[in-house]
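Single-letter residue listing:
Protein chains: 2
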Amino acid sequence: MSKKWLSSMLTIGSVALSSYYYGAYREKQKLLGNGRLDSKQQLELLHKHISKPAFPLFATVSAAELAVMPEVNLTATPLRISQIMKYGFPSLDNVRSYSDFVLSYDRRNRVPNWVFEHLTPLSVAKNEEVDRAKCDFKADESIHPYFRSQNSDYFRSGFDRGHMAAAGNHRLHQKHCEDTFFLTNMAPQVGQGFNRDAWNRLEMYVRKLTKIYPNIYVCTGPLYLPHREDDGKNYIKYQVIGTNNVAVPTHFYKVVVAESTDGQLDMEAYIMPNQVISDDTPLQIFQVPPESIERAAGLLFFDKVNKKQLVKINGKKV
Amino acid sequence: MSKKWLSSMLTIGSVALSSYYYGAYREKQKLLGNGRLDSKQQLELLHKHISKPAFPLFATVSAAELAVMPEVNLTATPLRISQIMKYGFPSLDNVRSYSDFVLSYDRRNRVPNWVFEHLTPLSVAKNEEVDRAKCDFKADESIHPYFRSQNSDYFRSGFDRGHMAAAGNHRLHQKHCEDTFFLTNMAPQVGQGFNRDAWNRLEMYVRKLTKIYPNIYVCTGPLYLPHREDDGKNYIKYQVIGTNNVAVPTHFYKVVVAESTDGQLDMEAYIMPNQVISDDTPLQIFQVPPESIERAAGLLFFDKVNKKQLVKINGKKV
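Taken in sequence, the protein lines are chains A and B. Take any residue in the first sequence, note its place counting from 1, add 178, and you have its number in the numbering used here. Take any residue in the second sequence, note its place counting from 1, add 178, and you have its number in the numbering used here.
These are calculated hints, taken from the structure and not from any lab test. This one's a predicted model, so the numbers in the text were calculated from it and none came from an experiment. Incorrect hints may appear among the rest.
Note that the list lumps identical chains together, so a pair holds whenever it fits in one copy or between two copies.
Simulated pairs of lysine-lysine, PhoX-like, Cα-Cα distance not exceeding 25 angstroms [stated by the list, open to error]:
1. Lys304 <-> Lys353
2. Lys264 <-> Lys486
3. Lys485 <-> Lys264
4. Lys264 <-> Lys386
5. Lys389 <-> Lys264
6. Lys386 <-> Lys304
7. Lys494 <-> Lys264
8. Lys495 <-> Lys264
9. Lys490 <-> Lys389
10. Lys264 <-> Lys490
11. Lys386 <-> Lys495
12. Lys495 <-> Lys485
13. Lys264 <-> Lys353
14. Lys264 <-> Lys482
15. Lys494 <-> Lys389
16. Lys312 <-> Lys353
17. Lys389 <-> Lys486
18. Lys495 <-> Lys389
Whole structure, please, built from the sequences with the hints as guidance.
Dropping the structure here:
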């Protein structure tokens, strides 16, 4: 997360955000069955939002125009891209927003890539009206059936359906709590000794940070870390469970940014192995440089953070 | 690839396309160092292209508005999403377009997710002006250094830098051929007996389809398939090479759509193991239902194809 990169990502990020929102909004419209548009309307809408000459990418190319266009493109011209991708993109982003958290779903591994939460003293406070016992684990029907994890995948697997966005972080409303029970927010976790113990301790620790800081941002997700075998080569190996081959991550990460009232930020980053961890193990030994998670996960965390605001990483002054 | 899904994907796809193009265009602008905008200009641009009320997601929320907004959201409100994601998305799509092909890069595995090509008799024809021998394998500097595969990762690994978009498919211009040598277009492949033999035979076969069909669309990529071990459990296991842990896929896929002059489409789908394959093995035995690749890869291929146009899959009438 170098300074140069941060600043370039800051701008790219905000642009990417808009494209995501636009796509997400339209996809939601489709999924909800509202405002279905025929293809002509769709095209009109697209054109309306993409003006020339800044965004000529969706300009209609007539046969006449086509005839005078050079045959050889040396950069990726919009026309050429639309030719290559004529029958659709195999994947774009897989970001989903729920009532109180946002996640990116890994359609290959049927678990999230990352889950993002924003905690406040209010969102984590005990609330009589929210009853976790009434929440049911449920498949997310908005995920294509090919990629959708099911309760049956976890059944008798020996693994817990482990929350990435913790249920206890979302207590403002029953719906917020219920949404954390979508299987898109789960990954297979060792139960006794991990999900119900060390991992839970980490979740409680993060929740308690709201007693010190008014705003906590948390990103949580799985890792598939390599190990060296006797042949001297490095391998990534992980179990998959159920008919949908849901991946059992080798490790989990949590990256936390705590924002104080004056805007100063403290960052902490953790990697925990998905295995029994003894109760007397201090959480601190799982702290790692945030970069090590970024490299292993293929992600960049908090890239919009202004480095000047960042005071501490893992308790040490930057 | 059900009919219902196809039609819904058709519309979603075209919308996703626009969000991608918008993001890709802007990112390219940034990467090329052209038309850099300050953050105020960026915001203005965003607002210009996102009108209310259809796209209220980027509407600026003033402190006054904030004060009257309900505290508890039951659906993902734009405001809440922007609060949660205040410091940036860890990932969005990773689609890149080159002069004559388009790919999605897997930042975790440092190989592509998929590479898309459009072949024509012209693009694959021998061209005296294009010299493959002058092309060098090169890292793509537009990928963040944390996720960028390097020539050194492949060096002495025992694996070839295997093209996904084949060099021989892009002969219209030297630049088209050169672009296929970006390491973003590569994955580690067994050399003798695979990359230089069976895989090459498949590439040549696809290329020759342009003698029958005027337009060929090809999607190529890696797979990480599970296997059952003695303990009765299923595992995904693959080697990683070099300091950047570049994944060695267990298999590779190729999905081909051949478009005839009357618009009829024939589809073929192949999975080949990344290992020595004997020269007398007919290509046909590697044919699989396209759905099996989609499930394993977490992708949907050719979802904008109109089912009515689709005549054959793997040589059999639909």
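(request) First find the shortest C-alpha distance between Lys494 and Lys264 inside one copy, then the shortest across copies, and answer within, between, both or neither for a cut-off of 25 angstroms. (result) between (51 angstroms within a copy, 23 angstroms between copies)
(request) Up to 25 angstroms between alpha-carbons, please classify Lys495 paired with Lys389: within, between, both or neither. (result) within (21 angstroms within a copy, 65 angstroms between copies)
(message) With identical chains, the pair Lys495 and Lys485 could be close in the same copy or across copies; at 25 angstroms between alpha carbons, which is it: within, between, both, or neither?
(response) Cα proximity of Lys495 and Lys485: one copy only (12 angstroms, versus 60 angstroms across).
(message) Please sort Lys264 with Lys486 into within, between, both or neither, judging by C-alpha distance up to 25 angstroms.
(response) between (45 angstroms within a copy, 16 angstroms between copies)
(request) Go through the copies and call it for Lys389 and Lys486: within, between, both or neither, with a Cα cutoff of 25 angstroms. (result) within (24 angstroms within a copy, 60 angstroms between copies)
(message) Within a copy, between copies, both or neither: which one fits Lys304 and Lys353 at a CA-CA cutoff of 25 angstroms?
(response) So Lys304 and Lys353 pass the 25 angstroms test inside one copy only (15 angstroms; across, 62 angstroms).
(request) Classify it for me, Lys386 with Lys304: is the Cα-Cα distance of at most 25 angstroms met within a copy, between copies, both or neither? (result) within (12 angstroms within a copy, 67 angstroms between copies)
(request) Please work out whether the CA atoms of Lys389 and Lys264 approach to 25 angstroms or closer within one copy, between two copies, in both situations, or in neither? (result) Classified as between; 20 angstroms across copies, 53 angstroms inside a copy.
(message) Cα distance capped at 25 angstroms. Does Lys494 pair with Lys389 within a copy, between copies, both, or neither?
(response) Classified as within; 20 angstroms inside a copy, 65 angstroms across copies.
(message) As a check of your reading, is Lys485 near Lys264 (CA-CA no more than 25 angstroms) within one copy, between copies, both or neither?
(response) between (42 angstroms within a copy, 15 angstroms between copies)
(message) Regarding Lys312 and Lys353, is the shortest C-alpha distance of 25 angstroms or less found within a copy, between copies, in both, or in neither?
(response) within (11 angstroms within a copy, 60 angstroms between copies)
(request) Could you figure out if Lys386 and Lys495 sit no more than 25 angstroms apart (CA to CA) within one copy, between two copies, both or neither? (result) Close inside one copy (21 angstroms), not across copies (62 angstroms); limit 25 angstroms.
This entry satisfies every hint, going by the numbered hints stated previously.
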